[in-house]
Amino acid sequence: MSSEQDFISSIKAHEGIIHKVCVLYQQDPLQRQDLFQEIVMNAWKGYGAFRRDALFSTWLYRIAINTAISFFRQSKKRIQTIQLPVEPAAAWMAAPEDQRNTVLYEAIGGLSKVDKALVMLYLDDFSYAEIASLLGMSENLVAVKMARVRQRLKKIILHNQLSQ
Amino acid sequence: MELEDVKGLLNQQVIQFTNFRTQDFSKLLFEKSAGILQRLIKSIQFEIITCLLFMLVAAALPLIFPVLFIKIVSALCLVYCLYFGFNLLKFRRQINSQHQIMLPTQLAIAALVQILERFMRIYFLRCIVTSPLLFILSVSVFVYEHPGFLAHPAALRDSAAFRLFCLGFGLLSLFAWFFAKWYIQQRYGRYLAELQQHLKELKAD
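For the protein sequence lines, the chains are A and B, in the order given.
Reminder that position 67 of the first sequence reads as 67 in my numbering, one-by-one numbering, no gaps.
So the number in my numbering is just where the residue sits in the second sequence, counting from 1, plus 1000.
Worth flagging that the hints you see were computed from the coordinates, not collected in a lab.
A portion of the hints provided could be inaccurate.
For lysine-lysine, the following PhoX-like pairs were computed, each having C-alpha atoms within a straight-line distance of at most 20 Å [as the list claims (entries may be wrong)]:
(1) B:Lys1090 - B:Lys1042
(2) A:Lys116 - B:Lys1203
(3) A:Lys116 - A:Lys155
(4) A:Lys116 - A:Lys154
(5) A:Lys154 - B:Lys1007
(6) A:Lys12 - B:Lys1090
(7) A:Lys116 - B:Lys1200
(8) A:Lys113 - B:Lys1200
(9) B:Lys1042 - B:Lys1032
(10) A:Lys113 - B:Lys1007
(11) B:Lys1032 - A:Lys45
(12) B:Lys1027 - A:Lys45
(13) A:Lys45 - B:Lys1042
(14) A:Lys45 - A:Lys113
(15) A:Lys113 - A:Lys154
(16) A:Lys12 - A:Lys45
The model shown is predicted, which means the values in this text are computed figures rather than measured ones.
Isolated chain A (complex conformation):
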């Protein structure tokens, strides 16, 4: 099997990783497509240096996250920041389960690029040690940031509920 075919079959088997990154990092379908292409191209460029002793999925995650974080469009519109309330809202507690998930999912979309990476790896069952190694952070910092992310998500969701 040629290197190209080998690469394509590996990437096809792990396509979900790239889609996951694209879905979380780009809301606009066109930009999502650009990001997808960029990740595949970067993975192809680096495939020659890929060491077989590492997991392909972990390697692909690294490339996908690095590409997504450094992906930039000149025409990108700036997102307005909002003041988050501190008070809890009863409305959230009354929301049906699937609606809560959608709100939570949307809230993740409002996180910073680094925090999104943390959440995504966490959701894909990576341990704090693995996340730290992938992102080049200390394990302690990962734990601290995850705690902050949870807090922040809670605040965003509560704010959403309050404003509805």
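Given chain A's structure and the hints, the job is docking chain B onto it.
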């Protein structure tokens, strides 16, 4: 509310996208990149081509006008273009050889920041050096064509036309300085600031 609850939703969305995607991966591999490094490489290539064109002109001029003055001016231009051309070429090779995308995120972003800062420095330096070089060359051409001023430099210094020329050149240099700053900031500044912010976040304790 638990973060884990969203896992199913995310996977569901991914499946939806995977099902709709029918693009040929092998075609994707050879598409043009929209990434910042590709844009940077294009800028560097443009700069290198400009340097090469100037070098060609500088090399041809002494052959067409074989006088000492032209030879000196051409040599100056050649040294200038060689210095920046060589630096840009070396830089371009460095960008191509680096697989920063495979490093842990913090190191990858730090490498990108370093590359961008270096390019901005080289670009700005080139703009700053060009103005005085052009001034020296213009005055040299003028003195060469009017050798009488060599014997009486004070006459040149006191002439209103020369003062006006200096003023014009000063203003032009000032404009070039601001333009270079604005252009580089416009093209890469916002991106660099964003990357620096990510880096700060990845390092923060």
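Hint check:
1. B:Lys1090 - B:Lys1042: holds (15 Å)
2. A:Lys116 - B:Lys1203: holds (16 Å)
3. A:Lys116 - A:Lys155: Within the cut-off at roughly 16 Å; holds.
4. A:Lys116 - A:Lys154: holds (15 Å)
5. A:Lys154 - B:Lys1007: Holds: lysine 154 of chain A and lysine 1007 of chain B sit about 16 Å apart, inside 20 Å.
6. A:Lys12 - B:Lys1090: violated (36 Å)
7. A:Lys116 - B:Lys1200: holds (15 Å)
8. A:Lys113 - B:Lys1200: holds (12 Å)
9. B:Lys1042 - B:Lys1032: holds (12 Å)
10. A:Lys113 - B:Lys1007: Judged against 20 Å, a Cα distance of about 18 Å means the pair holds.
11. B:Lys1032 - A:Lys45: Holds - the C-alpha atoms of lysine 45 of chain A and lysine 1032 of chain B are around 13 Å apart, at most 20 Å.
12. B:Lys1027 - A:Lys45: holds (14 Å)
13. A:Lys45 - B:Lys1042: Holds, because 18 Å separates the two Cα atoms, which is no more than 20 Å.
14. A:Lys45 - A:Lys113: violated (23 Å)
15. A:Lys113 - A:Lys154: holds (18 Å)
16. A:Lys12 - A:Lys45: Roughly 16 Å between the alpha carbons, so the hint for lysine 12 of chain A and lysine 45 of chain A holds.
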